[in-house]
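Asks: Read off the chains here:
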Amino acid sequence: MTILKVRDLNVYYGGIRALKGISLDVPKGSVVTLIGANGAGKTTTLRAITGLTKPAKGHIEFNGRDITTVPPHEIVRLGVSMAAEGRRIFHNLSVIENLMMGAYHRDDAAEVKKDVEWITQLFPRLKERFNQKGGTLSGGEQQMLAIGRALMSKPKLLCLDEPSLGLAPMLVQEVFRVLNQVHKQGCTILLVEQNAKAALKIADYGYVLRGGSVSIHGDGKALMADENVRKAYLGE
Amino acid sequence: MNASVFFQQLINGMSLGSLYALLAIGYTMVYGILRFINFAHSDIFMVGAYFAFFSIVIFRIPWPIAAILSIGLTALVGMAIDRVAYRPVRDAPRISALITAVGVSSFLENLGLVTVGARPKAFESPSFMSKLFHIGDAAITGVAIWVPVITLGFLIVMMYIVYKTKVGMAMRAVSTDIDATRLMGVDVDKVISYTFALGSALAAVGGILWACKYPKISPLMGVYPGWKAFTAAVVGGIGSIPGAMIGGFIIGLIEVMTVAISPGLSGYRDGVIFLVLVIFLLLRPTGILGETLKEKV
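In the order they appear, the protein sequences are chains U and F. Heads up: the first sequence begins at 1 in my numbering, then just goes up one per residue. Heads up: the second sequence begins at 1 in my numbering, then just goes up one per residue.
Everything labelled a hint here was simulated from the structure, so no lab data went into it. Every residue gets a Cβ at the ideal spot worked out from N, C-alpha and C, and that includes glycine. Warning: the hint list may mix true and false statements.
Some chain F residues well away from chain U (every beta-carbon gap over 10 Å; in silico) [to be verified]:
1) F7
2) R35
3) G103
4) K121
5) D137
6) M169
7) G185
8) A260
9) F280
List of simulated lysine to aspartate or glutamate pairs, DMTMM-like, C-alpha gap at most 20 Å [to be verified]:
10) K166(F) with E74(U)
11) K166(F) with E111(U)
12) K190(F) with D107(U)
13) K154(U) with D219(U)
14) K54(U) with D179(F)
15) K28(U) with E61(U)
16) K166(F) with D108(U)
17) K154(U) with E111(U)
18) K156(U) with E227(U)
19) K28(U) with E227(U)
20) K201(U) with E227(U)
21) K231(U) with D219(U)
22) K54(U) with E124(F)
23) K5(U) with D66(U)
24) K5(U) with D204(U)
25) K133(U) with D108(U)
26) K184(U) with E124(F)
27) K54(U) with D189(F)
28) K121(F) with D137(F)
29) K190(F) with E174(U)
30) K114(U) with D179(F)
31) K28(U) with E174(U)
32) K190(F) with D91(F)
33) K164(F) with E97(U)
34) K154(U) with E227(U)
35) K156(U) with E128(U)
36) K127(U) with E74(U)
37) K164(F) with D219(U)
38) K166(F) with D204(U)
39) K213(F) with D91(F)
40) K133(U) with D189(F)
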């Protein structure tokens, strides 16, 4: 079953056409990755899916419902959550408040409490920093907080925009370890990455974006084996 | 100046300062979230005073009820202004919002002039405000003591809302990153609306207390307090709520002490405040508690 269906997505920034008819499918329970160079349209695609940018043309369906014109805060309530590029931590809020912001629309306090426990199991480091301001965390900790915060909304689909950007290799591993774990618990993941190798390794399916459209797509292993992909994105 | 006169002036300064603080919080909250100066805020202060005037002097509603009613109505006016004037230009360049604010300010002042007239109206403050207190040699009017006390009560309520409630947390989140807050499932427009309600309610408290202190109210009564409260917000560090409070008290004290220390300067009391504004803008534009603004990418 397809949880997210994107068809012929066109987005303009001013006069510039950032997306030129992107279509993609995310099957329920899968990990799908979007890879590509800077400016290929990866972030814009996620912004359109989460409602932050309104497409000029095309439509987006989540769980069988058309969400193309639904405002972002309602899309979150439907079960799409995003850890945005650049982490976007609330630096003046404490770590625990950042997590609670992720659960803002939920009113099941007892369940929220359990989920905080769950996040601290995923990222034990956050626990020690609960009362610290988000802005005082290191880059890696902020990324963990951003992912944890996105998980606090109990998403059916978790979108991640460059979660490994600017992280030390050890931390990149840690992030991918957690993504694996989250995926095993039944969450569908849409992952945007520059680190194509790591992304394709955990992905069931991948889309390579180029200049605002999909250039190649296929399952993770097939893309890893593809000559052009290897040359252009895996640095071989 | 002997000790008792100094003490008296200190109380006066705190009293005036708390009024500036009440008003400054509204400027700083709106700036923190929307990055523009809500010039209409000083007129919301005036509207609050008029609501109290009408409910007390005209409709003879008992004081406490009238005050609560006026504060509530002013909060609604603040929300309405945001809905009608500011929300439509939310995505426009900031200068558009700023010009809109000037327009709303001018609209409210002229609406006041047309409906209630330019002639100042006599305000009736409650009797406990005019009682004299004797502390040592100093004689202090009730209003000078009650104003800071009442202000403090409202500031505590406001701090509780902003720092301890869910909607307050969302207000602080919106002030850091609007899009990220949207991604948390927060209806940002609603949060902004509540922010206007809270800021306007405090402005109403300020307006009513101001009318108790200076019992002549007019449609332009908000103009100078507004500018000084804005100065207080800048001095404290615009965007910072504790900064606005500290700034308010500082400006109030400077104004009162300038006149107390050198009565010859009393005609320049407003000038001195704006000189402080200029000095801060030159030497420390981020104010006492303001952070250096990081450019948002």
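Asks: Decide, hint by hint, whether the structure agrees.
Replies: Right, here's what the structure says about each hint:
1. F7: Label holds. Min Cβ-Cβ 38 Å, cutoff 10 Å.
2. R35: Answer for R35(F): holds, closest chain U Cβ roughly 15 Å.
3. G103: holds, 27 Å
4. K121: About 43 Å separates K121(F) from the closest Cβ of chain U, which puts it past 10 Å; holds.
5. D137: holds, 46 Å
6. M169: violated, 6 Å
7. G185: Given a closest Cβ separation of 4 Å, the condition is violated.
8. A260: A260(F) is indeed farther than 10 Å from all Cβ atoms of chain U, at 38 Å.
9. F280: Answer for F280(F): holds, closest chain U Cβ roughly 22 Å.
10. K166(F) with E74(U): Given pair K166(F), E74(U) holds - Cα atoms ~18 Å apart, limit 20 Å.
11. K166(F) with E111(U): holds, 17 Å
12. K190(F) with D107(U): Within the cut-off at roughly 18 Å; holds.
13. K154(U) with D219(U): Between K154(U) and D219(U) the Cα gap is close to 27 Å, so the pair fails against 20 Å, i.e. violated.
14. K54(U) with D179(F): Roughly 13 Å between the alpha carbons, so the hint for K54(U) and D179(F) holds.
15. K28(U) with E61(U): holds, 13 Å
16. K166(F) with D108(U): holds, 14 Å
17. K154(U) with E111(U): Answer holds: K154(U) to E111(U) is near 10 Å, not above 20 Å.
18. K156(U) with E227(U): Distance ~34 Å between K156(U) and E227(U) Cα, so the pair is violated.
19. K28(U) with E227(U): violated, 29 Å
20. K201(U) with E227(U): holds, 16 Å
21. K231(U) with D219(U): holds, 17 Å
22. K54(U) with E124(F): violated, 54 Å
23. K5(U) with D66(U): holds, 9 Å
24. K5(U) with D204(U): holds, 16 Å
25. K133(U) with D108(U): Not satisfied, since the Cα-Cα distance of roughly 25 Å exceeds 20 Å.
26. K184(U) with E124(F): Since the Cα atoms of K184(U) and E124(F) sit roughly 70 Å apart, the hinted pair is violated (cutoff 20 Å).
27. K54(U) with D189(F): holds, 17 Å
28. K121(F) with D137(F): violated, 34 Å
29. K190(F) with E174(U): Roughly 37 Å between the alpha carbons, so the hint for K190(F) and E174(U) is violated.
30. K114(U) with D179(F): violated, 27 Å
31. K28(U) with E174(U): violated, 24 Å
32. K190(F) with D91(F): holds, 16 Å
33. K164(F) with E97(U): holds, 10 Å
34. K154(U) with E227(U): violated, 38 Å
35. K156(U) with E128(U): violated, 28 Å
36. K127(U) with E74(U): Between K127(U) and E74(U) the Cα gap is close to 29 Å, so the pair fails against 20 Å, i.e. violated.
37. K164(F) with D219(U): The given pair, whose Cα atoms are some 48 Å apart, is violated under the 20 Å limit.
38. K166(F) with D204(U): Outside the cut-off at roughly 39 Å; violated.
39. K213(F) with D91(F): The given pair, whose Cα atoms are some 40 Å apart, is violated under the 20 Å limit.
40. K133(U) with D189(F): violated, 25 Å
The structure is inconsistent with the numbered hints 6, 7, 13, 18, 19, 22, 25, 26, 28, 29, 30, 31, 34, 35, 36, 37, 38, 39, 40, although it conforms to all the rest.
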